[in-house]
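On the provided structure of chain A, position chains B and C as indicated by the hints.
Residue numbers (the UniProt record's numbering), protein chains in the order written: chain A, 1 to 309; chain B, 1 to 552; chain C, 1 to 231.
All clues given are correct.
Distance condition first, Cα-Cα at most 27 Å in a straight line; then the derived DSS-like pairs of lysine-lysine:
id, chain 1, residue 1, chain 2, residue 2
1, B, LYS455, A, LYS199
2, B, LYS546, B, LYS252
3, B, LYS462, B, LYS252
4, B, LYS339, B, LYS317
5, B, LYS491, B, LYS455
6, C, LYS145, A, LYS199
7, A, LYS10, B, LYS143
8, B, LYS397, A, LYS199
9, A, LYS193, B, LYS397
10, B, LYS462, B, LYS491
11, A, LYS188, A, LYS199
12, B, LYS252, B, LYS491
13, A, LYS199, C, LYS227
14, B, LYS397, A, LYS188
15, A, LYS193, B, LYS339
16, B, LYS339, A, LYS190
17, B, LYS187, B, LYS223
18, A, LYS193, C, LYS219
19, A, LYS190, B, LYS397
Hint data in this document are derived by calculation from the structure and do not stem from the laboratory.
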Amino acid sequence: MLDRFFYREKGLFLQSLHPLSALVYIAVLLTLALMFNHPLYLLGLLSITVAAVKAVGGFDAWKAFLKISLGATSVIIIVNVLTVRAGQTVLWGGPHIPVFGRLDVSLEAILFGAVMGLRLLLIMSIFCLYNFMIHPDRVLDLLSRFSSKSGLVLSLAARMFPAVVSRIDGIREALTARGVDFNAGTLKEKMSKYAVLMKILLLTFLEDSMETAEAMYARAFGSGRRSCYVRENLRPRDGACLAASLIALVTAVYGWSKGLGTFGFYPQAGNLIDGRTGIGFLFAVIFLLSFPLLLSWGWHIWPFLKSKI
Amino acid sequence: MAVFEIKNLTYFYPESPRPALKDVNMSIEEGEFLLVTGGSGSGKSSLARVLAGLIPGFSGGRISGSVFFRGKDIEQIDRRTMAREVGIVFQDPEKQLVKTSVEAEIAFGPENLGLPQQEMARRVAEVMSFLGLADLRREFTAKLSGGQKQKLALAAVLAMQPSVLILDEPTSQLDPVAAEDFLNVVKRLNEDMGMTVILIEQRLERCFHLADRVVIMEDGRIKFEGTPEQVARRAAFCENPFIPPVASFFGKAGFDTIPVTVKEGRRVLRQNFNPASGNLFMKSLKRVHESEPILRMDGVWFTYPDGREALQDINLKISAGEMVAVIGPNGSGKSTLLKNMAGLLKPGRGQVILTGGRQESSPDRTTWDPSVGYLSQNPNDYLFQDTVEEELLYTLKNFGTGSTGAVDEIIEKLSLRDFRHVNPRDLSYGERQRVALASVLVTGPKLLLLDEPTKGLDYRLKEDLGEVLAEFCGRGASVVLTTHDVEFAAKYASRVILLFGGRVICDGPVHQVLSDSIFYSTQIGRMCRGFADGILTPEEALDVFKPAVVNN
Amino acid sequence: MKKVLSKILFWSGFGIIPVFMAAAMSGKTTISGEWGVAAYIVIFAAIALMYLGFELETSSPREIAVIAVLGAVGAAGRIAFAALPNVQPTTFIAISSGYVFGPTAGFMVGSTAALVSNFFLGQGPWTPWQMFAWGLAGSSAGMVKSLSPRIGRWGMAFFCLLWGYFFGWILNLWSWIGFVKPLNWQSFIAVCAASFWFDTLHAAGNAAFCLLFGPGFMKILERFRHKMEVT
Numbered sequence: 001m002l003d004r005f006f007y008r009e010k011g012l013f014l015q016s017l018h019p020l021s022a023l024v025y026i027a028v029l030l031t032l033a034l035m036f037n038h039p040l041y042l043l044g045l046l047s048i049t050v051a052a053v054k055a056v057g058g059f060d061a062w063k064a065f066l067k068i069s070l071g072a073t074s075v076i077i078i079v080n081v082l083t084v085r086a087g088q089t090v091l092w093g094g095p096h097i098p099v100f101g102r103l104d105v106s107l108e109a110i111l112f113g114a115v116m117g118l119r120l121l122l123i124m125s126i127f128c129l130y131n132f133m134i135h136p137d138r139v140l141d142l143l144s145r146f147s148s149k150s151g152l153v154l155s156l157a158a159r160m161f162p163a164v165v166s167r168i169d170g171i172r173e174a175l176t177a178r179g180v181d182f183n184a185g186t187l188k189e190k191m192s193k194y195a196v197l198m199k200i201l202l203l204t205f206l207e208d209s210m211e212t213a214e215a216m217y218a219r220a221f222g223s224g225r226r227s228c229y230v231r232e233n234l235r236p237r238d239g240a241c242l243a244a245s246l247i248a249l250v251t252a253v254y255g256w257s258k259g260l261g262t263f264g265f266y267p268q269a270g271n272l273i274d275g276r277t278g279i280g281f282l283f284a285v286i287f288l289l290s291f292p293l294l295l296s297w298g299w300h301i302w303p304f305l306k307s308k309i
Numbered sequence: 001m002a003v004f005e006i007k008n009l010t011y012f013y014p015e016s017p018r019p020a021l022k023d024v025n026m027s028i029e030e031g032e033f034l035l036v037t038g039g040s041g042s043g044k045s046s047l048a049r050v051l052a053g054l055i056p057g058f059s060g061g062r063i064s065g066s067v068f069f070r071g072k073d074i075e076q077i078d079r080r081t082m083a084r085e086v087g088i089v090f091q092d093p094e095k096q097l098v099k100t101s102v103e104a105e106i107a108f109g110p111e112n113l114g115l116p117q118q119e120m121a122r123r124v125a126e127v128m129s130f131l132g133l134a135d136l137r138r139e140f141t142a143k144l145s146g147g148q149k150q151k152l153a154l155a156a157v158l159a160m161q162p163s164v165l166i167l168d169e170p171t172s173q174l175d176p177v178a179a180e181d182f183l184n185v186v187k188r189l190n191e192d193m194g195m196t197v198i199l200i201e202q203r204l205e206r207c208f209h210l211a212d213r214v215v216i217m218e219d220g221r222i223k224f225e226g227t228p229e230q231v232a233r234r235a236a237f238c239e240n241p242f243i244p245p246v247a248s249f250f251g252k253a254g255f256d257t258i259p260v261t262v263k264e265g266r267r268v269l270r271q272n273f274n275p276a277s278g279n280l281f282m283k284s285l286k287r288v289h290e291s292e293p294i295l296r297m298d299g300v301w302f303t304y305p306d307g308r309e310a311l312q313d314i315n316l317k318i319s320a321g322e323m324v325a326v327i328g329p330n331g332s333g334k335s336t337l338l339k340n341m342a343g344l345l346k347p348g349r350g351q352v353i354l355t356g357g358r359q360e361s362s363p364d365r366t367t368w369d370p371s372v373g374y375l376s377q378n379p380n381d382y383l384f385q386d387t388v389e390e391e392l393l394y395t396l397k398n399f400g401t402g403s404t405g406a407v408d409e410i411i412e413k414l415s416l417r418d419f420r421h422v423n424p425r426d427l428s429y430g431e432r433q434r435v436a437l438a439s440v441l442v443t444g445p446k447l448l449l450l451d452e453p454t455k456g457l458d459y460r461l462k463e464d465l466g467e468v469l470a471e472f473c474g475r476g477a478s479v480v481l482t483t484h485d486v487e488f489a490a491k492y493a494s495r496v497i498l499l500f501g502g503r504v505i506c507d508g509p510v511h512q513v514l515s516d517s518i519f520y521s522t523q524i525g526r527m528c529r530g531f532a533d534g535i536l537t538p539e540e541a542l543d544v545f546k547p548a549v550v551n552n
Numbered sequence: 001m002k003k004v005l006s007k008i009l010f011w012s013g014f015g016i017i018p019v020f021m022a023a024a025m026s027g028k029t030t031i032s033g034e035w036g037v038a039a040y041i042v043i044f045a046a047i048a049l050m051y052l053g054f055e056l057e058t059s060s061p062r063e064i065a066v067i068a069v070l071g072a073v074g075a076a077g078r079i080a081f082a083a084l085p086n087v088q089p090t091t092f093i094a095i096s097s098g099y100v101f102g103p104t105a106g107f108m109v110g111s112t113a114a115l116v117s118n119f120f121l122g123q124g125p126w127t128p129w130q131m132f133a134w135g136l137a138g139s140s141a142g143m144v145k146s147l148s149p150r151i152g153r154w155g156m157a158f159f160c161l162l163w164g165y166f167f168g169w170i171l172n173l174w175s176w177i178g179f180v181k182p183l184n185w186q187s188f189i190a191v192c193a194a195s196f197w198f199d200t201l202h203a204a205g206n207a208a209f210c211l212l213f214g215p216g217f218m219k220i221l222e223r224f225r226h227k228m229e230v231t
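Same shape as in the complex, but just chain A (with noise of 0.2 Å):
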């Protein structure tokens, strides 16, 4: 499991994007999940996110980022009531204690910590789309771009990462070999056990790595000026994807500087829907964001709409 990518090539419309546009859209997603903290932007949010996860085929992973979130919820809601004093609903007046102050538990700082939580979901689920909407080696190239010894140093340990993980199978089976139990004795003992384990492994890539950068010297690495090999392509598909996710951050922006989009949560919870949420604005902004969606569907049903965009 651990030879290959956690993303999956599926061939799916969103993984064929290009990576600026693909990028630029998880990275409005980003900012809207963190710059509104309404419930119900952030409910609108979340279902665009696990609509787009499943549309590339990331559904089983995401569960898994979401049984994370909701441990952290948990603490989150728990810091949130330690430490706010702002809630005027007090359920429990607790006693004094050092540093933090009186220990008051609002219901304003549970239910804050409650849509906090949402919001870490919601930034889990984000974060999920990218793993499978994004091909490492694009972000790489991407990178390279920039910069080409880091990108390098990036995708050379990339590729080194499989071979380290099976080399460090082979080691412990040669240990083993050599009366080695990786099972038994203390703490102090097992730790001696990885720490030759380790060692081994560090002198022998290590040493591989001479090798290696003699064959980088030998391909005219660092000999001077470097170009950059470009595969990537723009189809229609980027622009119309860039440009509503551009937009639609420009929208949410905009809105959300006249006030939509906030919740008060202090001195006492406002209403879920009043003056301050704008629902039109919402629903434009989930729109825009749900473009590519749309084009996803449309082109794995529509063969007409493949050819052209």
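The following block gives chains B and C in isolation, referenced to the frame of chain A:
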């Protein structure tokens, strides 16, 4: 004009008192296919690195004498020009690839040369179609097979469009099929594209006849030089001939012509012998005496977690004193079989019983039984101490038997005396393998399991290994080894098991299994088929044919 | 000139974070969302600056290959030690590489280990913070060497111990900024308290690892640094 002109070249690696190359003089012509061979440490790899401009530019060290590339002193040529004109492919495909995808890997060289996009796109496309890599263009380089990786390394060099191609033992890490495939591409590059090829190689059966000229190196010097036939004639009587078995046989038998391939060899045999009078010889099969088995496998099945059924219904007995070679294509389950014998993997169904072990008959051993020794494909996995001695003591300490007498004995037996206080990581590959073997043998196992021990070894090192193992078996212990090297199996093994798709296809005495086979036979075996069956090695062939030649 | 520029870029990458934290804490009334966006912008900017610093340095193919190898080993170390709870050799590898090969190399090893392991384990919102934290661990070890070359075994162990906590706190930053309100030092302490036991285990693992095997590892790295210098 010669492509390369080398005059009085001497070279020392940094911090090394011994020269790697001593006073080498030679010239290499345009379009030539030059084969450079010799034992490890003979200086052939250093020569390759000088020609590729890596010495002293990359490796440092001291160099004297001069090397001219197309009439120009190599030190006057800038690095970029050198890298563009002379391409080099190294031994281990694992260590030369730097990018995550096939396409990016091929484009890496052209990028470093600063070529424009259009030119790069053309070169990448051309090279991919020439080498049949187009289908793999988006593939993750770490997931490719060894043969594919090496082809990719070649592609990455070819994309720089060099006029000279240097290959430093490119097939030593590949299985025979991939090696053959690779050498065919090299041959095409020389014949169809007119590329000058300098091939450094130790496995000669497949490439000796391809060369226009052969150079044999020894101890940093050129020992023999000439056409394959000339070299074969002169080298035939040396101790380590570095010529293919067929040529070695004809040379020693005293024939006038020295053929270097099976086809020519059969032609010569036909002229001298009557094939109808075949079956001149059938070596009396070494009787495998039915002694008490050391290891028994009863109906063993093994399935990997990903669902791959690697072993299917294996029933085997390994008797004391046997040397068993397990052969078969890649992925046939050879390593898995060995690991099941070792107890590193537990069979899903069936039993592996160690009868000669110190702990009698324990199908589910949890701790390692010191009566079994296991040497993996990678000797480096065994080396981390500061000295060879400590390496052996480490194993002893783990088994709680700290007698230094055993250390002395093993060091003596594997002729490691000179390295006793040397850091094992400062040794050469062959020496490292011996240290790793010693670190396993030091507990005095009854059964020794070796995974691909012949990989990357030259003729002499293989012979040394064979002798050590034969001596080990002579003392009543058993050896099971996997190998792709049929020549080695023919010479040393007493029994051969052919695996295919996780099943035992064939199991029997070495002469029976290998001479019945068409593909898993030795060069001599293929040549002698129809003239004298059951012959596998040049020595056996000499026994049969030499009297006949002398009589003629 | 280029060298100076690369140094400036590299260290300004570090400078951003404390400045940003102070800013976030000062504006108590600011909506947390605002800082959330800013936090990601800042962390990406910091990493980008440091990469740029590395980019402008002159490095040989050998240095590149060694950094990549250490990064890959560090990444795989996350998995190799899964059997031992909370012993994460990645931190230690970043620290020892930084100590032997210098601050820039240390940063590259640490951040590469984080990013590359996540290519295979899955990227999450923590990725940039991990890159920064492990990278900083490596760089600071390089600084320690130039400040006090004779830090000794116990000093090094203490340094590794500290990094167990620092690493946790840096990772807490993103959850604190994104999901907690108000942003003040009390709430930051609360977040760190929540992860205290986890961080302590990490710290203890680091220190133990360093005490037991530090010298052996350093020796290996020094051996290769020597090899790189000889040629």
